[in-house]
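> Okay, here's what each chain looks like letter by letter:
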Amino acid sequence: MKPNLSDNPIRASFQLKHQSSNPKRHTDQFTLDVDLTLPGSGVSVIFGPSGSGKTTLLRCIAGLETPDQGNLIVNGEVWQNASLFMPTHRRPVGYVFQESSLFPHLTAGGNLAYARKRAGKKISAQLYDHAIEIMGINDILHRSPQQLSGGERQRVAIARALLINPRLLLMDEPLASLDKRRKQEIIPYLERLGATLDIPIIYVSHSMDEVTRLADHVVVLKQGKVATQGGLTEVFSHIDLPLDYGDDTGVVLQGQVVERDPKWHLARIAFSDGELWVRDRGDALHQSVRVRVLARDISLTLTPSTQSSILNTLAVKVDAITGDSDEAMSFVRLKTGEEYLIARLTCRSVDYLQLKPGQSLWAQIKSVAIVR
Amino acid sequence: MSFSEADLTAIWLTLRLATTVTLLLLLIGTPIAWWLARTQSVWKAPVAAIVALPLILPPTVLGFYLLIAMGPHGFFGQFTQSLGLGTLPFTFWGLVVASIFYSMPFVVQPIQNAMEAIGERPLEVAATLRAGPLDRFFSVVLPLAKPGFITASILGFAHTVGEFGIILMIGGNIPGETRVISVQIYDHVEALEFMQAHALSGAMLLFSFSVLLALYWLQRKQKIALLN
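Protein sequence lines, in the order shown, are assigned to chains R and G.
For what it's worth, numbering that gives the first Met the number 0 labels the leading residue of the first sequence as 0, then goes sequentially.
For what it's worth, numbering that gives the first Met the number 0 labels the leading residue of the second sequence as 0, then goes sequentially.
Looking at chain R on its own, in the form it has when it is part of the complex (with noise of 0.2 Å):
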C-alpha cells in the first residue's frame, strides 16, 4: 500500500545560529545544524529532548523560520537555497501545531473551510468526507473551537492540515498539550494516518511511546545535530544510545503473529529468528505486529531455566557491553538470529556472569508489550 520509501526524498540541511523567534526560548542561544534526507513516504519521527531544536528544525521546513542557511528540496522540488527562500504560504505543507491553533472565530467546520478554500486544488467532497472519517469528528463540526476537548480540538487542526491537500504533512508534538487519555484517544486516528496518507509525514516528538507506535524512520536530534537517524528498529537497537533513555531503553522487533492460544489469550510473534508470547491484543494471525522489549526487562542466565514464571526464553548471543549514565548499571547488547535485544544490568550481575562478547547464554523477557 505504501510506495517505496526511497523514491522522492527530502533533503534539509538547514543552519541557523540566530535566537529562535519563539519569546519562550529567547534565554538560550540556539544553534541548529543538521543535514538530512528523509524518506519521501511514511512517518518520520525526530525525536530528542526539549531544547534539541525538533520544533526548529520543523519550522524551518515550513519555511516559519528563516534560518542563516538552507537548502530544502522535496519531491524534486526546490523549496528553499542560497537565491530562494519560498514563503510559508506557498509551500504545500500541512502544519499541526504543538497547541490548539484553530481559530477561535470560526467553527470546527469552518475551520475546515478555511483551508478548504485555500487548497491547492479542488478538494472533492469524497476526500473531504474521507478526512472527517479518519478523525472521527463528523458530531463536531458545527460547535466553535472552544466547546472542543483538547483531542477534539486537534483531531479537528489535524482534519484541516489534511485538506489543503498537502504534500508533506508537519506535525510538531500534536499530543504534547493533551493528558494521557486524550493520546491514547488520538493515537489511533495517527496510526491510521500514516496507513492511508500516500504523502511523507515528519512528526516531532519526545515521548518514546508515540515513536515506537508511529516512526518507520527516526532521526535523532541532540543539541541541534543529528546524533543518529535510520529505521525504527535499528535505531533503537544501538548500543551507543545518543540519548540516555534510562528506565526507557529498549529495542523495537518487526514480528508476525504466527499462533493465537485462546485458553490463555496468548498470541505467538515470529520475528526473523526467534519468537515470542504475547498477551493476544486481538491482532488477526499473519498480522504485522510491532514489539517493544524494554532493557529493564531482560534478565540473563547460563543455563536455560524451565522451573519459573518467564514465559520467554530466546538463546542469544553477547554482541557488547557497554557502560551507563548509572554507574551501577551496564548495558548488554544481545544477538538472536537476525534481531538484536538490550538488556540493562548491574555490573555487579555482569562480572558475576563474566560476561563479554561472542558469549552465548539464555535471555529471559519478563514482559513484552505490541505497540502496534
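Everything labelled a hint here was simulated from the structure, so no lab data went into it.
Check the hints yourself; a few may be wrong.
Only some residues are given here: those of chain G computed to face chain R with a beta carbon under 10 Å [what the hints assert, rightly or not]: (1) Ala125; (2) Thr127; (3) Ile153; (4) Ala157.
If you want the footprint, here are the derived chain R segments under chain G, 3+ residues with CB under 8 Å [stated by the list, open to error]: (5) 85–95; (6) 98–106.
Chain G is nowhere near these chain R residues, computed Cβ spacing over 10 Å in every case [what the hints assert, rightly or not]: (7) Leu63; (8) Val77; (9) Tyr113; (10) Ala118; (11) Ile163; (12) Asp178; (13) Lys262; (14) Glu326; (15) Gly357; (16) Gln363.
Positions of the beta carbon are idealized from the N, C-alpha and C atoms, including for glycine.
Could you slot chain G onto chain R? The hints should help.
Just chain G, lined up with the frame of chain R:
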C-alpha cells in the same frame, strides 16, 4: 425641554461630523495600527508618540498649527488651493481634517492593542493554510481584532462629538457648517439662555454616559465570551 431650530441644526451637524470622521479614521487608522502592532522599526516610538499627542496636547495648540497649515499660506492650504478646493478652515471639511487628527489615538490605540493581542500564531497557522499576507489580514487579523474595532468606533465617534476647542480654532461658529453642539451650548451660555443650554448639555451628558455604559457592557460581554 425642547430644541430650537438652531439646536437641531447643530445636533445634525455634529452627528454628520462624527460619522464622517469615524468612518475615515477606521480607514486611515487601521493600516497605522497594523504597522504599529507589527513593526520592529526605530520609527515605531516616534510614530506612536505623534498619534498619541492629541491625548495631552491642548486642543488650541493642535488647532493653531492646523489653522496655519490649512490656511492660504500653509502647505496644506496651498495643496487644497492648487486642487481648486480653496482653503479648509471655517468649513465642514476643515473640521473633518482637524477631528481626524484630534480623535486619532482613540481609534488607533484600541485597534493596535487588539491586533497585538492576536499574536504570531494565528498568522503562522494561516500561512501554513496557504493564505498570503493580504488574505491573512482580511481572513484572520480583521475578524480577530473585531472587539478593538468596535471600541475604536465608539470612542472615535464619542470623542468627536465632544470636541470644542479645536472646533473653535478651525471652524469658528458658522451655523450649519461648523457650529456643533458644544459651540451651540457655549453660545447659549454667552447669551444667558440657560434653559437651552440645559437641554443640550443634558442631552450630551446622557449621550456620553450611554456610550460609555454600552462600551463597558460590551467589553464585559466579550470577556465572558472569552472565558467560555
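> Next step is simple, just say for each hint if it's right about the structure.
These are the hints, each one checked on the structure:
no., hint, in the structure
1, Ala125, "holds, 8 Å"
2, Thr127, "holds, 4 Å"
3, Ile153, "violated, 20 Å"
4, Ala157, "violated, 26 Å"
5, 85–95, "holds (count 8)"
6, 98–106, "holds (count 4)"
7, Leu63, "violated, 6 Å"
8, Val77, "holds, 18 Å"
9, Tyr113, "violated, 6 Å"
10, Ala118, "violated, 7 Å"
11, Ile163, "violated, 6 Å"
12, Asp178, "holds, 21 Å"
13, Lys262, "holds, 52 Å"
14, Glu326, "holds, 44 Å"
15, Gly357, "holds, 53 Å"
16, Gln363, "holds, 49 Å"
The structure fails to meet hints 3, 4, 7, 9, 10, 11 from the earlier list, while all remaining hints are met.
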